[in-house]
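Colleague: Line by line, the protein sequences give chains F and R. Residues 8 to 120 (our numbering) are what the first sequence spells out, left to right. Residues 680 to 792 (our numbering) are what the second sequence spells out, left to right.
It is worth saying that the hints were derived from the structure and are not from the lab. Fair warning: this is a prediction, and the values are worked out from it, not measured in the lab. For every residue, glycine included, the Cβ atom is placed at its ideal position computed from N, Cα and C. Among the clues, some could well be false.
In silico DSBU-like pairs for lysine-lysine, Cα to Cα no more than 30 Å straight-line [stated by the list, open to error]:
no., chain 1, residue 1, chain 2, residue 2
1, R, K744, R, K697
2, R, K697, F, K56
3, F, K68, F, K56
4, R, K696, R, K748
5, R, K750, F, K56
6, F, K119, F, K68
Which bits of chain F does chain R cover? Going by a derived footprint, with three or more residues having C-beta under 8 Å, they are [what the hints assert, rightly or not]:
no., region
7, 47-61
8, 107-119
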Amino acid sequence: AQSVTQPDIHITVSEGASLELRCNYSYGATPYLFWYVQSPGQGLQLLLKYFSGDTLVQGIKGFEAEFKRSQSSFNLRKPSVHWSDAAEYFCAVGAGNNNDMRFGAGTRLTVKP
Amino acid sequence: EAQVTQNPRYLITVTGKKLTVTCSQNMNHEYMSWYRQDPGLGLRQIYYSMNVEVTDKGDVPEGYKVSRKEKRNFPLILESPSPNQTSLYFCASSPLTGSYEQYFGPGTRLTVT
Chain F
8 AQSVTQPDIH
18 ITVSEGASLE
28 LRCNYSYGAT
38 PYLFWYVQSP
48 GQGLQLLLKY
58 FSGDTLVQGI
68 KGFEAEFKRS
78 QSSFNLRKPS
88 VHWSDAAEYF
98 CAVGAGNNND
108 MRFGAGTRLT
118 VKP
Chain R
680 EAQVTQNPRY
690 LITVTGKKLT
700 VTCSQNMNHE
710 YMSWYRQDPG
720 LGLRQIYYSM
730 NVEVTDKGDV
740 PEGYKVSRKE
750 KRNFPLILES
760 PSPNQTSLYF
770 CASSPLTGSY
780 EQYFGPGTRL
790 TVT
């Protein structure tokens, strides 16, 4: 079965600094990969997704992620973080015929002024 | 507006008192699912449904029931809630056309005392 690891539980960055959130997955075939964001007290919003094709995908709010098959990774990046980006970020992998989706434990992002 | 709705958003109850959390989607999605979110564990799937009258267990189904009598609705039932079911619950839906992207409801925060 597929699984997802987000190695960083909590990350703090200064406003305007660059950001990279790590995600590693385990799956035997080409996975469907997602990043979701959860703002405090809110539901989950899809930032971006990878199904196939170009391994660098662009998402909403200025985020991008790169799929690296050799490293089983799908790291999320943003060149300049804004205070409103403070939230919890979840990486997920989808696979199988039953829409099975597995989530990582999440990375909480704090943005310092 | 395409959306997944959940009710109630907040619920405090006592051990053993049966409760139902409703979930409804207006996107005509075949697939619906329930997750619980706990700190450090990410989202774990409770039950899912591939279509009307078709439901199956996820990773943590103990203590929960579901039904899918109509395509748009997928209620989560706790027949005898216990304190270890205190959690944040999310309902999600998706189409079955090759995309595993799931659309999430706003969440229901349940406290069982």
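Colleague: Now, for every hint given, state plainly whether the structure supports it.
Modeller: Hint-by-hint comparison with the structure:
At most 30 Å may separate the alpha-carbon atoms for a hinted pair to count; K744/R and K697/R meet this at roughly 11 Å. In summary, the hint linking K697/R to K56/F is not supported, as the alpha carbons are separated by about 38 Å, beyond the 30 Å threshold. With a C-alpha separation of about 14 Å, the suggested pairing of K68/F with K56/F holds against the 30 Å cut-off. Pair hint K696/R plus K748/R holds up; C-alpha atoms about 23 Å apart against a cutoff of 30 Å.
As the CA atoms of K750/R and K56/F are separated by approximately 26 Å, the hinted pair is consistent with the 30 Å bound. Proximity of K119/F to K68/F is assessed by CA-CA distance (about 18 Å); at most 30 Å being required, the pair is judged to hold. Interface restraint, the region 47-61 of chain F with chain R: holds (7 residues with C-beta to C-beta distance below 8 Å; minimum three). Requiring three or more residues with a Cβ within less than 8 Å of a Cβ of chain R, the coverage given for the region 107-119 of chain F holds, as 6 such residues are present.
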